[in-house]
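Peer 1: Residues per chain, in single letters:
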Amino acid sequence: MQKKISKIPFKGTAEQEEKLKAVIAECKGDKSKLMHVMQQAQGIYGYLPYEVQVMIAEGMDVPLEKVYGVSTFYAQFSLSPKGAYNISVCLGTACYVKGSQKILDKVCEELGVQPGECSSDGMFSVEACRCIGACGLAPVFTVNDEVYGKVTPEEIPGILAKYRNG
Amino acid sequence: MSNVNVKVNGIEVSVPAGSTVLQAARAAGVEIPTLCYLKEINEIGACRICVAEVKGARSLVASCVYPVNEGMEISTNTPKVIESRKTTLELLLSNHKKECLSCVRSGNCELQKLCTDYGIEDAHKYSGAMTHYAIDRSASHMYRDNEKCILCRRCVAACSNVQAVSVIGANDRGFDTHISSAFEKPLAETSCVSCGQCIVACPTGALSERDDTAKVFEALNDPTKHVVVQTAPSIRVALGEEFGCEMGSIVTGKMVAALRRLGFDKVFDTNFSADLTIMEEANEFIQRYTKKENLPIITSCSPGWIKYCEYYFPEMIPNLSTCKSPQGMFGSVAKTYYAQKMGIDPKDIYVVAIMPCTAKKFEAERLDHTAVKGLADIDAVLTTRELARMIKKEGILFNLLPDDTFDAPFGLGSGAGTIFGATGGVMEAALRTAYETLTKENLDDLHIDFNDVRGTEGVKEATYNIAGNEIHVAVASGLANAEKVLKMVKNGEKHYDFIEIMACPGGCVNGGGQPIQPASVRNNVDIRAVRAAALYRDDKSLPVRKSHENPDIKQIYAEYLEKPGSHIAHEILHTGYIARKKY
Ligand code: SF4
Ligand code: SF4
Ligand code: SF4
Ligand code: FES
Ligand code: FES
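These protein sequences, in sequence, are chains F and V.
Each residue of the first sequence is one higher than the one before, starting from 641 at the first, in this note's numbering.
Each residue of the second sequence is one higher than the one before, starting from 19 at the first, in this note's numbering.
By construction, these hints were calculated from the structure, which means they are not laboratory data.
Please read all numbers here as calculations on a predicted model, not as lab measurements.
Glycine is no exception: its CB is placed at the ideal position from the N, C-alpha and C atoms.
Hints may be right or wrong, so weigh each one.
Pairwise CB distance ranges (calculated) [to be verified]: (1) F/Lys668 with V/Asp194: 31 to 41 Å; (2) F/Gly652 with V/His588: 41 to 51 Å; (3) F/Gly652 with V/Glu333: 42 to 52 Å.
Think about it this way: if two alpha-carbon atoms lie no more than 20 Å apart in a straight line, the pair counts; the simulated SDA-like pairs of lysine to any residue are [claimed, not checked]: (4) F/Lys706 with V/Ile62; (5) V/Lys203 with F/Gln642; (6) F/Lys706 with V/Leu560; (7) V/Lys508 with F/Glu698; (8) F/Lys651 with V/Phe201; (9) F/Lys706 with V/Lys508; (10) F/Lys706 with V/Glu501; (11) V/Lys502 with F/Glu691; (12) F/Lys706 with V/Thr195; (13) F/Lys661 with V/Tyr601; (14) F/Lys706 with V/Glu202; (15) F/Lys644 with V/Lys599; (16) V/Lys599 with F/Glu691; (17) F/Lys742 with F/Gly732.
Kindly generate the complete structure, drawing on both the sequences and the hints.
Peer 2: What follows is the structure, encoded as structure tokens:
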């Protein structure tokens with residue numbers, strides 16, 4: 641799957657920028673540290689949007705396309721922010737057999753996003769994940785730290801509403 | 019360097035140590051097919067079409083990167099090798115938009131040729147899951163069709179290693195790997211400099227110039243338009259390749275004849291406006307040199323270089339010569355001086371430029387290139403390839419054409435104008451004129467060649483003593499080389515008075531709009547050197563070899579432009595630049 645690029649406006653804070661700048665200052669001049677800088681940036685911002693990648697490209701003196709290439713090659717990097725609530729639907733074998741794809745589809749449909757994306761209000765992000773070790777409860781998904789097991793697509797709107805109304 | 023002895027298909031050869039299997043095979047007179055490998059540009063050993071069997075090795079080796087050693091026995095055509103190559107081709111075809119019937123590269127496509135050679139003819143057999151991409155037509159000079167891309171990455175290497183631009187790369191992974199720019203931005207929104215070096219590196223129809231032939235045919239068919247054409251210096255030494263002539267053939271006469279048959283009302287020579295550029299630029303250099311202002315002066319005839327400067331070295335903009343390129347100067351005088359002289363309303367004049375360059379398409383769209391308010395100086399730019407396409411479409415048998423000559427008043431070009439097409443040529447042309455202007459002496463035939471600035475090296479330097487002045491010059495071609503030179507100038511490591519920069523390695527003869535030579539040729543012949551040698555032959559054979567001695571040039575200054583650097587020359591022949599943001 642091609643990585644989803646978020647269209648949500650960038651909302652980085654001065655504090656985050658300072659942190660990233662400090663990381664870059666440490667690694668400047670050593671292009672082999674690019675991955676490291678990107679990992680730190682992912683940690684600081686939760687994802688690697690255009691603005692952050694430009695800071696990295698300019699700071700490390702590497703072309704933006706190189707940074708982007710790396711960010712789309714490795715699964716650990718995301719181009720989309722995490723929502724206030726991050727929904728992770730398990731597509732491991734046990735869950736898949738029990739229809740977790742339909743759960744994922746339903747969640748995406750309800751939120752109007754693709755897997756890997758964040759809803760435009762920044763509230764929910766959705767991703768697929770591998771077995772989380774709760775196969776007995778298949779199909780399983782999590783919302784931040786809460787685990788939902790043996791769910792059906794019909795239950796999804798209700799569960800989402802609970803968070804929405806918060 | 020010591021040699022090693024190896025056997026290729028039983029043939030014994032001795033090759034320098036460190037040679038690859040591919041080179042050893044070549045030395046033995048054996049060709050191994052390649053796809054990703056492009057000598058000195060892309061040596062990544064990724065596509066595996068070049069596999070060969072090496073006795074004792076566990077698996078097939080990629081011959082383009084595998085080094086030979088003493089006593090090695092290599093087989094390039096065993097059933098195992100052939101099977102492996104076939105599988106590679108089948109895999110490529112299974113995710114390829116197979117439209118050879120209409121494809122711009124049909125007949126000159128490296129993938130198509132290999133499929134024919136290996137008998138992989140049933141295109142439909144190889145239809146598996148396909149990735150889908152929209153064609154990126156955003157840029158003014160080219161388009162990219164990822165559905166014809168075989169991910170050889172030759173374009174990526176050209177853009178980053180040769181040009182130091184790096185706006186394209188392989189993004190995402192696995193089945194989704196594709197060539198694009200950061201954040202999937204259309205090429206027009208990146209800091210691409212429009213050089214087209216990616217196009218001439220591409221083995222397939224994935225990358226191609228924007229085809230403007232339709233609008234030129236339309237103008238030619240419009241009776242209200244007076245359609246004139248100008249041909250850049252490098253076209254005459256490359257166009258023949260499209261018609262099977264030996265590389266390095268000079269086909270000026272046939273080219274002019276073909277243009278006339280296509281229906282152009284007048285066929286003019288950009289060599290004339292190259293001379294005009296020299297008049298203005300040599301004058302500008304002398305002015306700046308005397309006042310010690312904005313030195314080094316840097317040439318401005320390569321629009322790929324200009325765009326690069328605007329994006330990557332905006333602080334050097336004051337150093338750029340303000341001269342429009344020969345293409346632009348031609349358009350300017352065509353719509354002013356020529357229109358007046360002929361009594362034609364400039365808006366009825368349609369100016370076509372035949373260029374070795376894709377960036378010239380971008381240049382023609384620059385807003386300040388309008389000598390007559392509201393009219394673009396240039397109405398259409400065609401690359402050498404597009405011209406060849408028009409000639410073929412019209413059924414003109416190029417090789418049978420009688421030689422013809424350019425029209426007045428822009429039909430005479432000096433030898434100085436012709437060498438514009440080779441790296442170092444603009445410098446040499448300017449020096450010929452600056453020398454005579456400063457010393458008031460005649461450069462005779464023994465002294466007219468400035469050999470230090472000739473040749474295909476990426477960076478050349480020389481110092482000339484002219485009328486008691488030590489003039490330090492540098493010549494760079496290929497933007498990675500330009501970057502090196504500019505960095506040295508900026509940090510004070512080097513001092514120059516005059517720098518020539520061409521975006522394309524070797525200069526316009528190797529421009530992004532020139533006939534595409536496959537890797538099988540480029541890996542063995544330096545096309546830059548062969549085409550440039552033809553230009554220097556052309557220079558030697560011309561009656562006039564200095565721009566300021568060109569009679570057409572004398573005439574236009576006498577009748578219209580007054581003198582180099584005059585008010586009117588500034589109005590129509592000079593231009594300005596804008597600092598652009600990279601991201
Ligand atoms: S790129 Fe080559 S193989 Fe593909 S359609 Fe064009 S000519 Fe045919
Ligand atoms: S035209 Fe030149 S700068 Fe633009 S993508 Fe191609 S190689 Fe890079
Ligand atoms: S666009 Fe052409 S040169 Fe670039 S990777 Fe694809 S096939 Fe190769
Ligand atoms: S497969 Fe879903 S939790 Fe194990
Ligand atoms: S691996 Fe040798 S040509 Fe591609």
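Peer 1: Are the hints correct? Go through all of them and say.
Peer 2: Now for the hints, and whether the structure bears them out:
1. F/Lys668 with V/Asp194: 31 to 41 Å: holds (32 Å)
2. F/Gly652 with V/His588: 41 to 51 Å: holds (47 Å)
3. F/Gly652 with V/Glu333: 42 to 52 Å: violated (28 Å)
4. F/Lys706 with V/Ile62: holds (17 Å)
5. V/Lys203 with F/Gln642: holds (14 Å)
6. F/Lys706 with V/Leu560: Violated, because 48 Å separates the two Cα atoms, which is more than 20 Å.
7. V/Lys508 with F/Glu698: holds (19 Å)
8. F/Lys651 with V/Phe201: holds (18 Å)
9. F/Lys706 with V/Lys508: Violated: F/Lys706 and V/Lys508 sit about 25 Å apart, past 20 Å.
10. F/Lys706 with V/Glu501: holds (18 Å)
11. V/Lys502 with F/Glu691: At roughly 28 Å apart (the allowed maximum being 20 Å), F/Glu691 and V/Lys502 break the hint.
12. F/Lys706 with V/Thr195: Given that 20 Å is the threshold and the Cα spacing comes to 14 Å, the pair holds.
13. F/Lys661 with V/Tyr601: Holds. F/Lys661 to V/Tyr601 sits at ~18 Å (cutoff 20 Å).
14. F/Lys706 with V/Glu202: Roughly 13 Å separates the two Cα atoms, so the pair holds.
15. F/Lys644 with V/Lys599: Not OK: F/Lys644 and V/Lys599 at ~25 Å, beyond 20 Å, violated.
16. V/Lys599 with F/Glu691: holds (14 Å)
17. F/Lys742 with F/Gly732: holds (13 Å)
In summary, the structure is inconsistent with hints 3, 6, 9, 11, 15 from the numbered list given earlier, while agreeing with the others.
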